[in-house]
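Trainee: Chains D and W, in that order, give the protein sequences. The opening residue of the first sequence carries number 2 in my numbering; numbering runs sequentially from there. The opening residue of the second sequence carries number 299 in my numbering; numbering runs sequentially from there.
By construction, these hints were calculated from the structure, which means they are not laboratory data. Just so you know, these numbers come straight off a predicted model, no measurement behind them. Treat the hints with caution; some may be incorrect.
Said to hold, decoys possible - Just some of the chain W residues that point at chain D, by a computed CB distance under 8 Å:
no. : residue
1   : P302
2   : R306
3   : S310
4   : Q314
5   : K391
6   : T402
7   : A426
8   : L427
9   : A431
10  : A434
11  : K555
Beta carbons: idealized from backbone N, C-alpha and C, even for Gly.
Each chain, written out:
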Amino acid sequence: MRNEEPLIRARGLVKRFGEFTAVDGIDVDVAAGEAFGFLGPNGAGKSSTMRMIGAVSPPTDGELRILGLDPAVDGPRIRARLGVVPQTDNLDLELSVLENLLVYGRYFGLPRAVVRERADELLAFVQLTDRGGDKVDSLSGGMKRRLTIARALINDPDVVLLDEPTTGLDPQARHVLWDRLYRLKQRGVTLVLTTHYMDEAEQLCDRLVVMDKGRIAAEGSPAELIRRYSTREVCELRFPLVEGQPGPEHFVPELAAVVDRGVVERIEALPDRLLLYTADGDAAVAAVAAAGVHPLSSLVRRSSLEDVFLRLTGRTLVD
Amino acid sequence: MTAPVLTRGALSFFGQRLTAYRHFWRSSLISSVVQPVLFLAAMGLTLGVLVDRGRGLPGGVSYLAFLAPGLLVAAAMQTAFFESSYPVMGGIKWDRIFEAVLATPARVADLLVGHLLYVSFRVLTSAALFLAALVAFGAAASPLVVLTLPAALLTGLAFAAPITAFAARLENDSGFAGLQRFAIVPMFLFSGTFFPVSQLPAAFEWIAYLTPLWHGVSLARGLALGTLDGAAALIHVGYLGLWVVAGVVLALRSFRKRLAT
Chain D
2 MRNEEPLIRA RGLVKRFGEF TAVDGIDVDV AAGEAFGFLG PNGAGKSSTM
52 RMIGAVSPPT DGELRILGLD PAVDGPRIRA RLGVVPQTDN LDLELSVLEN
102 LLVYGRYFGL PRAVVRERAD ELLAFVQLTD RGGDKVDSLS GGMKRRLTIA
152 RALINDPDVV LLDEPTTGLD PQARHVLWDR LYRLKQRGVT LVLTTHYMDE
202 AEQLCDRLVV MDKGRIAAEG SPAELIRRYS TREVCELRFP LVEGQPGPEH
252 FVPELAAVVD RGVVERIEAL PDRLLLYTAD GDAAVAAVAA AGVHPLSSLV
302 RRSSLEDVFL RLTGRTLVD
Chain W
299 MTAPVLTRGA LSFFGQRLTA YRHFWRSSLI SSVVQPVLFL AAMGLTLGVL
349 VDRGRGLPGG VSYLAFLAPG LLVAAAMQTA FFESSYPVMG GIKWDRIFEA
399 VLATPARVAD LLVGHLLYVS FRVLTSAALF LAALVAFGAA ASPLVVLTLP
449 AALLTGLAFA APITAFAARL ENDSGFAGLQ RFAIVPMFLF SGTFFPVSQL
499 PAAFEWIAYL TPLWHGVSLA RGLALGTLDG AAALIHVGYL GLWVVAGVVL
549 ALRSFRKRLA T
């Protein structure tokens, strides 16, 4: 572990809106150069946390230091060193692509020539060089997202905050974006992101916290969390779904022997399938057949953060 | 609470709005000037002849010279309404550019000051162009007519600040139609732009005195015709200033509530 003060440090952080508690006492440390994630479903309190870290929304309670500063006192100084990519793009639709960057640089007091040079570099970085003169409205969703990221980098920030960076994008646009974020990470930029996609968290995060109902349910690297809260493999069994007939959970008692014999550690019943948590998926499939249960299909895969989330909260991430 | 002052944040937002304005300044400037010029032509040149041939206005002023400063200030009100209604709601709810501004070192007060700077710019440029048009019409009684510009600016801000506060609180844009129908249009018609409010029934005359537009129109007209006395000037400026200050305080509150909670 590093000895220096973390870039972001929260203790007992709380955010309430009237009666509603969005963030319910969380502790977070983010070190320089780290890619840190908040993984959780919609409404877990991720965005509220990000707005507090962004020094825009004052915490209701608890302690928060960002870059060693108190956001209640030093909001502008903190924001000068952050790059923010919000959940919904907030580009100026009346401006061109390039103008969006040029105009934004001025808020940070950067000399015109510096902003101009950086804007060109950033357009190249997000692969929008040939769209500089176009109206923002003519860009695709993925391009707008990339432009928002370029704009967040205009002040050469120490920390980039990304709230659901790829939500709503098609798979190809997501991969382009992940590639750009991965490059940023390699340059040593500290990334803090929220997501409800486990693949995104696995791809980008060195370390993450699983959030649920405003609290942190677990913390660690993706691999650590999977090791701690899940088995190596998962066997997914699907059964014919017939209206009025019992669902997959109906087969759980018949598989009790498989669990007793230790081939399978535990079984989770979802509305459309059973998940068998096991060290050896193929052995589990064989044991299921031996028990006289014949699913429509069986699929063996590695455990993911989705399984971690299911284990911790009893619910799936994306509903 | 931080006092609204000219800061880098405010100037940057003003610059952002000007950069956008460069894309549509022609259509915008024309539409803000064409309407008052049409009113000036229709009412001033036609109706005005009838008025002047009849009993005329108190003080023997030509109707055109009476109408022109009033229209200039009423147009300032319209521009302030236009720029502080949909753009403010849009900045918060639609394209959310206000949120983007507040992610920079800029503060809520900077955003408001930058917005009011831009409204001031729009009010002044539109008023200056209208002024040129009314000089061309021969509607300027004397060079004093130039003094209508600061009066238009003050009136514009007296509308812009409270309308900004109102717009920032709305959940949808239907409130603007109500504001237009029940405040802006009645004020435009009955607050002394087209005729002295002494023509109204006594109760309505008193309502007219309470409208910021009447004070703006009276200030501009008095300055243009050289008939303004110091006490009246002080009352008009003070009353309009009150609307500006109250509007700014309320707008800051609205912005904080919507953007920084």
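Trainee: Now, for every hint given, state plainly whether the structure supports it.
Mentor: Going down the list of hints, with the structure as the test:
| no. | hint | result |
| --- | --- | --- |
| 1 | P302 | violated, 15 Å |
| 2 | R306 | holds, 6 Å |
| 3 | S310 | holds, 4 Å |
| 4 | Q314 | holds, 5 Å |
| 5 | K391 | violated, 10 Å |
| 6 | T402 | holds, 4 Å |
| 7 | A426 | violated, 23 Å |
| 8 | L427 | violated, 22 Å |
| 9 | A431 | violated, 27 Å |
| 10 | A434 | violated, 32 Å |
| 11 | K555 | violated, 11 Å |
In this structure, the hints that do not hold are numbers 1, 5, 7, 8, 9, 10 and 11, in rising order.
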